[in-house]
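S.K.: The residues making up each chain are set out below.
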Amino acid sequence: MFIDFFYTLKDHGVPVSPTAFLTLHRALKTGLIGSLNDFYTAGRAILVKSERYFDRFDQVFAHTFEGTELPDLEGLEIDEMARALLAEWLQNPREMADALGVDEEQLQRMTPEELLDYFKERLKDQDGEHHGGSRWIGTGGTSPVGHSGYHPGGMRVGGVSRNKSAVKVAMDRRYRDYSLSGPLKASMMNEALKRLRHLVPTGPRDQVNVDATIYQTMKNGGDIEIVFDRDLKDRLKVILAIDNGGWSMDPYVQIVQTLFNYARDQFKDLKTFYFHNTVYDALWKDPSRYKQPVRLEELARYDPATRLVLVGDASMAPYELMAREGSIYIQERSGDPSLRRLQLLAETFEKTVWLNPVPQSRWDYTQTISIIRDIFPMFELSIDGLEAMVAHLMSKTTS
Amino acid sequence: MPENQPVSFTGASRYVLDSELAAIVNISMALEMPLLLKGEPGTGKTMLAHAIAENLGMPLIVLNVKSSMKLVDALYQYDTLTRLNDSRFADSDRDVSDIEAYIKMGKIGQAFTADTRTVLLIDEIDKADTDFQDDMLDVLDQMEFDIIEIDKTVPANHRPVIIVTSNAKKDLSDPFLGRCNFHHIAFPDPKMMRKIIQVHYPDIDNALMESAVETFYRLRALEGVEKRPATRELINWIRALRTDPDFNPKQLARGETPFLGVLFKKSQDYQRASSVVHGRKLF
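Same order as they appear, the protein sequences are chains A and B.
If you read the first sequence in this note's numbering, its first letter stands for residue 1, the second for the next number, and so on.
If you read the second sequence in this note's numbering, its first letter stands for residue 1, the second for the next number, and so on.
In isolation and in its complexed conformation, chain A is listed as follows:
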């Protein structure tokens, strides 16, 4: 019974297990399910274990029992991509026309709808010819436009259209927040923080250590000696430096800040500084990077056991990192290339890490990421990445 339904669910990416399917049949036997509505409710509660598949379950259910069409996923992807192209076109018509190899004038005469259709056609053609290619219109995602951060991880593509049809809502990963490997969201803060704790005993000795008590008591020949331990608290000093310059980092700045604000009462000392793209003479205490500079030399006065966490996409033009006068700000002219300054930071502190919101799979495509990775151990800004980072920061600690 309902075996087709089961496999349709499976084919559409809802993780259903045979055990759950058998449980559903057990439920049918109980006589509690008397209508299609009951079956829908029970089926969803038993088969689907996460709200992120509720929507897909709905669609498959509607398809199986009502005969509605299932969405054509491939067509949808092209649809969304065409919309992204349209948005791109509105922002930057010339570049777009160049990339497509068509006349800008010609494109400008089209209405948005015509443009959309035109892009779709182009996409379909291109998909066949340049499958996985590096042309920027391809689906491989290694295009120069995507590369410089315009469509980071396809997020932009998913977020363009506001008036979505029901079908599109299905693709609109509304529950992306809960994915472990995805970018961090505020709702995951606590989870992430558990991993940032570094427990050190402090405070009054008010915890009974049973094992030690028994041991001491036996040693005293039965004379009770109760051994107390201190409570465990996190006493870690942390400097957080965030790249808050430019739009490429915008989506992440708040997330990272919230993350470490939560952490504030955990750590003994948390300082937040800001920089843009990379570090030159100074870090800044104020987010506008204008009023309160802190020269790197001053940082040397901090406890070398302080953990330095830099957060940034590490993506910039190579000269910003390598050239002697590389800063894009005219007032920052120290004579040292930024690369040297970063090395100085890495030498000042025992433990440093670089957190990168760019997914790890794409690090190799950016030259500056590779260079910075040689200086700082780099981790992805995701729950998994944080875990690896904390493991690194905590390894072989002497304090």
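If you're looking for bench data, these hints aren't it; they were derived computationally from the structure.
In this text the structure is predicted, and so the values were computed from the model without any measurement.
In this text, a Cβ means the ideal position worked out from N, Cα and C, and glycines have one as well.
Keep in mind that a hint or two might mislead.
List of simulated lysine to aspartate or glutamate pairs, DMTMM-like, C-alpha gap at most 20 angstroms [as the list claims (entries may be wrong)]: (1) Lys152/B - Glu100/B; (2) Lys70/B - Asp211/A; (3) Lys351/A - Asp303/A; (4) Lys227/B - Asp151/B; (5) Lys127/B - Glu387/A; (6) Lys104/B - Asp73/B; (7) Lys285/A - Asp250/A; (8) Lys219/A - Asp86/B; (9) Lys107/B - Asp134/B; (10) Lys195/B - Glu233/B; (11) Lys237/A - Asp303/A; (12) Lys127/B - Asp384/A; (13) Lys29/A - Glu32/B; (14) Lys127/B - Asp211/A; (15) Lys10/A - Asp174/B; (16) Lys265/B - Glu40/B; (17) Lys237/A - Glu347/A; (18) Lys127/B - Glu32/B; (19) Lys66/B - Glu149/B; (20) Lys107/B - Asp73/B; (21) Lys66/B - Asp123/B.
Part of the chain A face toward chain B, derived, beta carbon under 7 angstroms [said to hold, decoys possible]: (22) Ser17; (23) Ala27; (24) Thr30; (25) Leu32; (26) Asp38; (27) Ile46; (28) Glu51; (29) Val210; (30) Ile224.
Covered stretches of chain B, as calculated for chain A (at least 3 residues, CB under 8 angstroms) [said to hold, decoys possible]: (31) 18-29; (32) 178-187.
Following the hints, complete the assembly by docking chain B onto the known chain A.
M.R.: Relative to chain A, chain B alone:
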């Protein structure tokens, strides 16, 4: 045996139940499977367990999961210190050689050894690590556990109705999910919300409720708020509004929002909300 009686859950005095959730609760009870509830904080996950217990007339046992919790804490505790003390001073009436006298049941143990069928609420399971979750499900599956110290197996007298809640901070493991039924409590719509308020404040003034609900959903829709106010905050807010003798529902319609701190509990959110509220006043 109470298990064989057709117990079914229909709602309780302080809880507004939608029919879908009622069906899921009943099916989970019939299948003897734990029901896993997810949803935003403040949407009534914990309240549901209280409501089930009240409706079915069963005692409720709440296990509040903590991040440092070990499974054995939830099952039983072996009070070594008291025993050590008794053996030293011998001034209690317990028999020191009988270890069982020093075993205290934890919450799951209490649910198993209770004389009647109970509702066992395991609250915020996602706080604990995955090992805890999987081990606990083993115990709940087999309906028995061992007390290692006295080599005794404790079987469940009655299979408790198990409700597990999670705040969706992280995914639970697949084996865990496989053994539960699942429901996600969505945030109630304004219509449902009015019903919920009426259950909590049966004598509420209509004008107050309308304007409070409207203001609430408007504030909830604010962008960039980290902890959006939920049902719990709304109910507390209405209580605050009602206790204020100077308050008039017309104030809300004019855009004034007293007691904003009841709704927004993080300082950043509060500032954001109050700036919006005050910005509105200028027009």
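S.K.: So, for every hint listed, does it hold in this structure?
M.R.: Right, here's what the structure says about each hint:
1. Lys152/B - Glu100/B: holds (9 angstroms)
2. Lys70/B - Asp211/A: Cα-Cα ~17 angstroms, so holds.
3. Lys351/A - Asp303/A: Within the cut-off at roughly 11 angstroms; holds.
4. Lys227/B - Asp151/B: Not satisfied, since the Cα-Cα distance of roughly 47 angstroms exceeds 20 angstroms.
5. Lys127/B - Glu387/A: Roughly 16 angstroms separates the two Cα atoms, so the pair holds.
6. Lys104/B - Asp73/B: Roughly 10 angstroms separates the two Cα atoms, so the pair holds.
7. Lys285/A - Asp250/A: Given that 20 angstroms is the threshold and the Cα spacing comes to 17 angstroms, the pair holds.
8. Lys219/A - Asp86/B: Holds, at roughly 18 angstroms.
9. Lys107/B - Asp134/B: holds (17 angstroms)
10. Lys195/B - Glu233/B: holds (16 angstroms)
11. Lys237/A - Asp303/A: Given that 20 angstroms is the threshold and the Cα spacing comes to 8 angstroms, the pair holds.
12. Lys127/B - Asp384/A: holds (17 angstroms)
13. Lys29/A - Glu32/B: Satisfied, since the Cα-Cα distance of roughly 14 angstroms is no more than 20 angstroms.
14. Lys127/B - Asp211/A: With a Cα-Cα distance of about 27 angstroms, the restraint between Lys127/B and Asp211/A is violated, given a limit of 20 angstroms.
15. Lys10/A - Asp174/B: holds (16 angstroms)
16. Lys265/B - Glu40/B: Satisfied, since the Cα-Cα distance of roughly 15 angstroms is no more than 20 angstroms.
17. Lys237/A - Glu347/A: It holds: about 17 angstroms lies between the C-alpha atoms, which stays within 20 angstroms.
18. Lys127/B - Glu32/B: Since the Cα atoms of Lys127/B and Glu32/B sit roughly 24 angstroms apart, the hinted pair is violated (cutoff 20 angstroms).
19. Lys66/B - Glu149/B: violated (24 angstroms)
20. Lys107/B - Asp73/B: Since the Cα atoms of Lys107/B and Asp73/B sit roughly 8 angstroms apart, the hinted pair holds (cutoff 20 angstroms).
21. Lys66/B - Asp123/B: holds (9 angstroms)
22. Ser17: holds (6 angstroms)
23. Ala27: Result: holds, 5 angstroms to nearest chain B Cβ.
24. Thr30: At 4 angstroms from the nearest chain B Cβ, Thr30/A passes the 7 angstroms test, so the hint holds.
25. Leu32: With a minimum Cβ separation of about 5 angstroms from chain B (threshold 7 angstroms), the hint on Leu32/A holds.
26. Asp38: Since chain B brings a Cβ to about 6 angstroms from Asp38/A, closer than 7 angstroms, the hint holds.
27. Ile46: holds (5 angstroms)
28. Glu51: holds (4 angstroms)
29. Val210: Holds: closest Cβ of chain B sits about 5 angstroms from Val210/A, inside 7 angstroms.
30. Ile224: It holds, given that the least Cβ distance between Ile224/A and chain B is near 5 angstroms, below 7 angstroms.
31. 18-29: holds (count 6)
32. 178-187: holds (count 6)
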